[in-house]
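Undergrad: Could you build the full structure based on these sequences and the hints that come with them?
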Amino acid sequence: MTKLGMLIDLSRCTGCQSCAVGCKVENNEPLGIWWNRVLTIGGDEIDTPSGTFPEVQMHYMPLNCQHCENAPCVKVCPVVATYKRESDGLVLIDYDRCIGCRYCMAACPYGVRTFNWGTPEYSPGIDFPVGHQGDHFDVDPSSGPNRRVYMPDRPRGVVEKCSYCVQRVDNGIEPFCIQVCPTGARIFGDLDDPTSIVSTSVRNGQAQQLLPELGTNPQQYFIPPYTQKGVVPATGNSAPSNLASSAEMIELAEEVGGYIPGFTPPAEGIVPPPPPPDVTKKNSEGGSA
Amino acid sequence: MQSTILRDRSHFPFYSLVAVLLVVVIIGAYALLLEFQNGLVITDMRNAVSWGLYISLFAWLVGISAGGLIVSSASAVFRIKQWQPIAKLANLIASCAIAMAAFSIIPDLGMPSRILNLFFYPNLDSPLIWDVTIITSYLFISLFELWLLISADNARKKGNESKYLDRERIARGFAFVALPVAVLTHSVTAWIFGLQISRPLWNTALLAPLFIASAIVSGLALVIFVTVIANRYANLGVDKTVISGLARLLSVTIMVDLFLLASEYITSVWPATPAEVSPLLVEFFGPYGWLAWVQWIFAISAFAILVVPKWSRSSLALFGASVLLLMEVFFYRLELIIPAFVNPLVQYPPGTSIGTTTGGEILSGIGVTTVPVNASAPGFSFELAGSYFPTWVEWSIAFGIIAMAALLITLGIHYLPVGPSEKQTNSV
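Chains H and P, in that order, are what the protein sequence lines are. Under my numbering, residues 1 to 289 are what the first sequence spells out, in order. Under my numbering, residues 1 to 428 are what the second sequence spells out, in order.
If you're looking for bench data, these hints aren't it; they were derived computationally from the structure. Be a bit skeptical, because a hint or two may be false.
No farther apart than 20 angstroms at their CA atoms in a straight line, the calculated lysine to any residue pairs in the SDA-like style are these [to be verified]:
1) H:K3 <-> H:N204
2) H:K75 <-> P:V132
3) H:K75 <-> P:W130
4) H:K75 <-> P:K240
5) H:K3 <-> H:K84
6) H:K84 <-> P:N123
7) H:K75 <-> P:N123
8) H:K75 <-> P:K157
9) H:K75 <-> P:V308
10) P:K157 <-> P:P85
11) H:K75 <-> P:D125
12) H:K75 <-> P:T133
13) H:K75 <-> P:L345
14) P:K163 <-> P:Q84
15) H:K84 <-> P:D125
16) P:K240 <-> P:V308
17) H:K84 <-> P:P122
18) H:K75 <-> P:N117
Sample of chain P residues at the chain H side, in silico, Cβ under 7 angstroms [said to hold, decoys possible]:
19) N47
20) P350
21) I354
22) T357
Footprint (simulated), chain P over chain H, 3 or more residues, beta carbon under 8 angstroms [to be verified]:
23) 85-99
24) 117-123
25) 155-166
26) 174-187
Just so you know, even glycine gets a beta-carbon here, dropped at the ideal spot from N, CA and C.
TA: Below is the structure:
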């Protein structure tokens with residue numbers, strides 16, 4: 001089986017919001033709707049650190065659907081509009097079936113679901129859909145027929161969220177946030193394949209799930225900046241140094257077999273993520289924009 | 001005969017009450033139409049607080065209904081003679097409340113046109129499907145039970161003793177089904193919330209017992225409320241001892257309810273772990289903390305009215321206590337639902353995207369506001385902590401639904417023989 005997962009190395013995330021904006025473009029998200037948010041872990045406002053200078057701390061955490069294996073949203077959805085796809089474990093929403101009861105939003109511990117409260121609006125001047133064009137239907141037959149899991153213009157009154165770019169993944173292309181991340185903080189691939197980049201990185205990078213105590217068992221992992229090799233929390237009056245230096249990263253890279261998430265340039269052959277084997281063959285939808 | 005007396009005595013208040021309720025219902029219907037046209041954007045619910053007044057109202061109405069049917073079927077199951085005079089009335093209240101509870105889900109749906117998907121594609125894991133199933137059955141059970149009780153009565157009035165005994169026997173047997181279904185209805189409604197690990201305020205095994213206790217409080221309160229009014233204006237003729245018996249049971253139930261609440265509080269506070277204590281702090285000291293304080297004040301005041309003999313003898317005081325309790329339970333529903341959404345488990349700036357535009361679309365404090373819309377914070381479409389206060393549309397729809405339930409109950413009292421049966425001695 002395939003189990004698509006994502007790993008975000010928080011020590012590499014610079015908070016540039018490229019993934020948030022890229023996601024918004026690719027999935028044509030209306031004003032006020034963000035499937036992917038980059039949260040600031042630090043002060044009370046975005047882009048502010050905690051503490052007083054010089055002892056300040058700040059890092060970022062991108063947050064999108066965690067694609068839980070034990071997904072509360074899937075269990076509560078009364079009409080199976082949200083479901084977990086068998087072939088690769090993606091949690092998807094059928095926009096034709098959702099009744100807009102928002103039970104899934106109450107049930108999701110991560111707050112990654114968003115609702116179309118009004119008729120979707122876009123920035124003035126952008127009166128055309130951007131990103132992926134054309135609807136996409138689930139290619140996994142076990143999900144049932146006519147599962148419209150992506151459409152560029154979602155109707156008012158349905159819940160939407162990150163789908164790991166199912167319209168791209170089903171065409172053998174990685175999610176857009178992976179592609180646009182300038183620091184290679186995000187990697188994507190098959191968690192069930194022990195040799196995949198994402199699996200080795202999850203194993204070797206001290207990866208953690210978000211809110212693991214809830215037992216939702218997400219397919220999304222994070223490498224917290226604090227747990228990078230050789231990191232000591234900032235003490236005394238010196239500048240904080242809890243992020244791994246390049247030298248430490250390279251050292252760590254050697255330890256785990258030459259690869260640190262996104263560190264090796266794609267030209268040298270480790271990227272891109274493996275295409276999902278089961279689904280690409282059956283795919284019938286058109287390409288991305 | 002009884003009904004002619006009833007009509008003669010009650011023309012004036014009956015028609016003016018119906019007129020007032022109709023006005024409220026029409027305003028609610030207009031608001032609902034507006035909501036269908038514009039979408040839920042005209043409510044104040046957003047991505048952070050994604051459930052609000054409608055769901056609270058739903059839980060409140062289900063509770064009232066369950067409370068009503070528990071009274072009516074318990075009188076049959078446990079052969080509580082002194083409750084039998086109000087069994088039909090309690091049943092009528094239960095039927096009207098559950099019908100409007102089911103209806104109150106419709107304004108909450110983003111896609112009301114797809115409501116039948118609930119029957120086409122049910123997910124048996126979902127507590128919402130359990131609730132749809134149990135509420136639908138409950139509606140039919142309570143209506144059938146009401147019909148049984150009324151037809152038994154009619155048979156006796158006509159002197160058809162065998163038919164009366166027959167119907168009475170079926171009604172009694174049926175109450176054995178109705179009572180557990182009534183209890184289960186409200187338990188399932190509690191489980192909609194109580195099973196969710198994402199909301200620590202809800203996630204307690206005590207939630208279903210709490211809902212049942214508060215359901216009986218609100219159900220009994222409404223039965224007393226309606227009985228006092230109907231006695232006064234519709235000449236219903238329920239004996240005062242029946243009402244004071246209900247009031248005694250009510251005072252005990254308040255204590256059970258408050259006891260359950262208190263044990264929930266101490267279980268959260270004593271371990272002093274932030275995960276347990278902070279939801280409770282929000283419940284009492286957060287932006288919606290006044291709901292919890294008012295709830296306790298109302299409950300204790302009503303309890304005082306019910307147990308001080310001088311006050312509890314007065315119908316007016318009982319009426320006041322029942323109003324306090326109806327509001328108390330409604331506040332409890334609000335207090336449970338809104339604060340649960342205020343602080344999400346993953347709470348870092350900029351927070352949750354609200355799901356609608358408030359103007360421009362920016363990520364930091366500086367930005368160009370291009371679409372100035374009804375914005376509390378123009379240009380910023382995130383909120384770190386959820387905030388919610390129902391809009392006039394939500395209030396109108398909620399009061400419209402309550403008025404519709406009241407209208408159904410009023411019509412039922414006026415046109416159906418739900419008063420106490422003729423004295424047994426008269427008919428035999």
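Undergrad: All hints, please: hold or fail.
TA: Cross-check of the supplied hints:
1. H:K3 <-> H:N204: holds (18 angstroms)
2. H:K75 <-> P:V132: Roughly 16 angstroms separates the two Cα atoms, so the pair holds.
3. H:K75 <-> P:W130: holds (12 angstroms)
4. H:K75 <-> P:K240: violated (49 angstroms)
5. H:K3 <-> H:K84: Roughly 11 angstroms between the alpha carbons, so the hint for H:K3 and H:K84 holds.
6. H:K84 <-> P:N123: Cα-Cα ~13 angstroms, so holds.
7. H:K75 <-> P:N123: holds (8 angstroms)
8. H:K75 <-> P:K157: violated (53 angstroms)
9. H:K75 <-> P:V308: violated (49 angstroms)
10. P:K157 <-> P:P85: Holds, at about 15 angstroms.
11. H:K75 <-> P:D125: holds (6 angstroms)
12. H:K75 <-> P:T133: holds (17 angstroms)
13. H:K75 <-> P:L345: Since the Cα atoms of H:K75 and P:L345 sit roughly 19 angstroms apart, the hinted pair holds (cutoff 20 angstroms).
14. P:K163 <-> P:Q84: holds (19 angstroms)
15. H:K84 <-> P:D125: Holds, at roughly 14 angstroms.
16. P:K240 <-> P:V308: Holds, at about 17 angstroms.
17. H:K84 <-> P:P122: holds (16 angstroms)
18. H:K75 <-> P:N117: holds (16 angstroms)
19. N47: holds (5 angstroms)
20. P350: holds (4 angstroms)
21. I354: For P:I354, the interface hint holds, since the closest Cβ of chain H sits about 6 angstroms away, which is under 7 angstroms.
22. T357: holds (4 angstroms)
23. 85-99: holds (count 3)
24. 117-123: holds (count 5)
25. 155-166: With 5 residues in contact (Cβ-Cβ under 8 angstroms with chain P), the coverage given for the stretch 155-166 of chain H holds.
26. 174-187: violated (count 0)
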